[in-house]
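**Q** The chain contents come next:
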Amino acid sequence: MTRWCVRAALSGFFAAGTLAVHGCAPDTPNAPNAPDLETGTVVSSAAEWPGSFAIGRDATPAEIAALNIDFGPDGADAPPGSGSVAEGKFVYDGKCAVCHGVTGQEGPMAQLVGREPREGFPFGETRGLLKTVGNYWPYATTIFDYVNRTMPITSPGSLTANEVYAVAAYILFLNEIIPEDAVMNAQTLPAVVMPARDRFVPDDREGGPAVR
Amino acid sequence: MGNISRRTMLGATGGLIAGGLLKTQADALVVAEEAAGLQAAQADPTKMLGGPTSVLGQRAPVEQPRRGMGSPAATGASRTPIEQLRGIITPADLHFERHHAGVPAIDPDRYELLIHGMVDRSMTFTLDDLKRFPAESRICFVECSGNGGAAYNRNAPRERAPSQIDGLFSTSEWTGVALATLLREVGINPEASWLLAEGGDAAVMSRSIPVEKALDDAMIAYGQNGEAIRPEQGYPARLLLPGWEGNAQVKWIRRLEASDRPSMTRDETSKYTDPLADGTVRQFSLVMDAKSTITFPAFPFVLPERGWWEISGLAWSGRGRITRVEVSTDGGRTWVPAQLQDPVLSKCATRFRHIWNWDGGEALLMSRAIDETGYVQPDLETQIAARGEGTSYHYNTIRPWKVEADGRVFFAQGEAQ
Numbered sequence: 001m002t003r004w005c006v007r008a009a010l011s012g013f014f015a016a017g018t019l020a021v022h023g024c025a026p027d028t029p030n031a032p033n034a035p036d037l038e039t040g041t042v043v044s045s046a047a048e049w050p051g052s053f054a055i056g057r058d059a060t061p062a063e064i065a066a067l068n069i070d071f072g073p074d075g076a077d078a079p080p081g082s083g084s085v086a087e088g089k090f091v092y093d094g095k096c097a098v099c100h101g102v103t104g105q106e107g108p109m110a111q112l113v114g115r116e117p118r119e120g121f122p123f124g125e126t127r128g129l130l131k132t133v134g135n136y137w138p139y140a141t142t143i144f145d146y147v148n149r150t151m152p153i154t155s156p157g158s159l160t161a162n163e164v165y166a167v168a169a170y171i172l173f174l175n176e177i178i179p180e181d182a183v184m185n186a187q188t189l190p191a192v193v194m195p196a197r198d199r200f201v202p203d204d205r206e207g208g209p210a211v212r
Numbered sequence: 001m002g003n004i005s006r007r008t009m010l011g012a013t014g015g016l017i018a019g020g021l022l023k024t025q026a027d028a029l030v031v032a033e034e035a036a037g038l039q040a041a042q043a044d045p046t047k048m049l050g051g052p053t054s055v056l057g058q059r060a061p062v063e064q065p066r067r068g069m070g071s072p073a074a075t076g077a078s079r080t081p082i083e084q085l086r087g088i089i090t091p092a093d094l095h096f097e098r099h100h101a102g103v104p105a106i107d108p109d110r111y112e113l114l115i116h117g118m119v120d121r122s123m124t125f126t127l128d129d130l131k132r133f134p135a136e137s138r139i140c141f142v143e144c145s146g147n148g149g150a151a152y153n154r155n156a157p158r159e160r161a162p163s164q165i166d167g168l169f170s171t172s173e174w175t176g177v178a179l180a181t182l183l184r185e186v187g188i189n190p191e192a193s194w195l196l197a198e199g200g201d202a203a204v205m206s207r208s209i210p211v212e213k214a215l216d217d218a219m220i221a222y223g224q225n226g227e228a229i230r231p232e233q234g235y236p237a238r239l240l241l242p243g244w245e246g247n248a249q250v251k252w253i254r255r256l257e258a259s260d261r262p263s264m265t266r267d268e269t270s271k272y273t274d275p276l277a278d279g280t281v282r283q284f285s286l287v288m289d290a291k292s293t294i295t296f297p298a299f300p301f302v303l304p305e306r307g308w309w310e311i312s313g314l315a316w317s318g319r320g321r322i323t324r325v326e327v328s329t330d331g332g333r334t335w336v337p338a339q340l341q342d343p344v345l346s347k348c349a350t351r352f353r354h355i356w357n358w359d360g361g362e363a364l365l366m367s368r369a370i371d372e373t374g375y376v377q378p379d380l381e382t383q384i385a386a387r388g389e390g391t392s393y394h395y396n397t398i399r400p401w402k403v404e405a406d407g408r409v410f411f412a413q414g415e416a417q
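These protein sequence lines are chains F and L, in that order.
With the working numbering applied, the first sequence corresponds to residues 1 to 212, in that order.
With the working numbering applied, the second sequence corresponds to residues 1 to 417, in that order.
Incorrect hints may have been included.
To be verified - To spell it out: a stretch of chain L is covered by chain F in this simulated footprint if at least three of its residues, at any positions, have a beta carbon under 8 Å from a beta carbon of chain F; those stretches are:
1) 116 to 122
2) 126 to 136
3) 263 to 272
4) 284 to 298
5) 368 to 374
What the hints assert, rightly or not - Derived coverage of chain L by chain F (criterion: at least 3 residues anywhere in the stretch with Cβ under 8 Å from a Cβ of chain F; other residues may be distant):
6) 194 to 204
7) 243 to 257
No lab work stands behind these hints, which were simulated from the structure alone.
Small disclaimer: the values here were computed from a predicted structure and weren't measured.
The beta-carbon is built from N, C-alpha and C at its ideal position, and this holds for glycine as well.
Assemble the whole structure, with the sequences as input and the hints as a guide.
**A** Below you can see the structure in the form of structure tokens.
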């Protein structure tokens, strides 16, 4: 089918030479969706997919190790190293206090330290309560995981494992969760029981008429 | 163009060409953009040859919507101006932003996605690899979990525009590869129940995603509204979880690790959890419940005269399709069904409209969405009773708008009790 093409005609009039680029080609009929025995196989639904598309490549153990930095509550994959409260204070004062305050309470960025309110858990009931590591965070391992991946914000990922364990120790000490002589490592950090640990429950919203 | 005259512009552009300075494609782009600017304000466009074609289109000079934001910050947010948009699609450059450590500059030629853990084969995929797999497109919303926080307050300020309340919400056509397709390729183990999704930004953003969702309708998206995803939205590829909170839809995704337990990252423990009045904290509260808001008329618009006006807005649900939107013009005493504009898509913005004859008196406008599960968007008091005043995230209560007799319109949470 051919059709008269206004755009091609006008662009030819105003800008000779552009017709070859912008001109209308005659419409071509759609090719039937059928196997072409000469050029390959057409698969029309997921049910006919091959077992593998053979796209992508195997990742090497070194590549995986370089990216596999997460560290959950069970402590599996926790890196070697350790840090004391005193060592953590040294790191914190130099690299963290400028944003989080010298005692972890002054800001201007997130307040890290504070156990109030110690009675009950009124965060849902009362508007505007500050959530800190001490009064809200359910897992101590999250401190390591988060600081390790993205702190300090001007130089993310720059701390050594020893420094991150030490900072975690200092923050936990300031929150009155571990004693001043505690040392955090791959075994002791996952063992710390956070005050808010048992407050966390699965989502019970499920649609339907109930407002939850 | 500012106040630069047309004559000045013609002179500048002509000089650039005549002087032989048009050397690069970038120069050509500048010329084309300047020429397109000439289209502004011709007294009688039928008496003057119009502007030429151009390599990149632009908005009409007086149509310049902008994202709403405070001061620029790498850890901040910007909001979609929903009251300025028509239909359901958000232009990609107006999609809301929420970054935790800024927008990374990722070389697409060096980009790789690693999938490992409880899989038969740990594999990496380049961007070209991802684009080679069978692709899919779907139109759906992305919404920040904290969207609507300004409305969860009996004393919410009156001078609030819809975007200042619900602008952390955008709708795009997303294109990519189904995550199920990639998990099939690596052979995810049946015992795997969680995927840790991790971004390649300076936050190394991380969230744990149930495998059930990953196999249902999750996507590794590289396209947005017909072009490559914008850097602010995760270029070159992001995780898309239709209907779920935006924070979990990790942008700039670089790694997926299959396991049998969540990682308990910062953003699924200390943030993006919902403390409740009973002293518990709802965790992995990932689905966005049904919500709607009127985007017209709303603050700061002033109705200039009584008569027929079309109330219009957006409704959506993370649990499926919107089946009904009801509108009230009398503060919730009576409700009538609004018209739903096709297409009405699952987990997608749905445009609703209701024609209204304003009699010039005070009116209290509301909308409420109902989704295919039978969920009805609640009012503020009902949600406070269910969750408590101090709860965080997932604020989906009815948004009331007060029309004053002089035509001014205000956000009116406090007057709707």
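**Q** Against chain F, does the segment 243 to 257 of chain L show at least 3 residues with beta-carbon separation below 8 Å?
**A** holds (count 3)
**Q** Three or more residues of the segment 263 to 272 of chain L near chain F by CB distance under 8 Å?
**A** holds (count 6)
**Q** How does the coverage statement for the segment 284 to 298 of chain L fare against chain F, requiring three or more residues with Cβ below 8 Å from a Cβ of that chain?
**A** Our answer is that it holds, as 5 residues pass the Cβ test (under 8 Å) against chain F, meeting three.
**Q** Do at least three Cβ atoms from the segment 126 to 136 of chain L come closer than 8 Å to Cβ atoms of chain F?
**A** Result for this restraint: holds, n = 5.
**Q** Are 3 or more residues of the segment 116 to 122 of chain L near chain F, judged by a Cβ distance of less than 8 Å?
**A** Per the Cβ count (3), the hint holds.
**Q** For the segment 194 to 204 of chain L, do at least 3 residues have a Cβ located nearer than 8 Å to some Cβ of chain F?
**A** Holds: 5 residues of the segment 194 to 204 of chain L have a Cβ under 8 Å from chain F.
**Q** Three residues or more, CB to CB closer than 8 Å: is that satisfied between the segment 368 to 374 of chain L and chain F?
**A** holds (count 3)
This entry satisfies every hint, going by the numbered hints stated previously.
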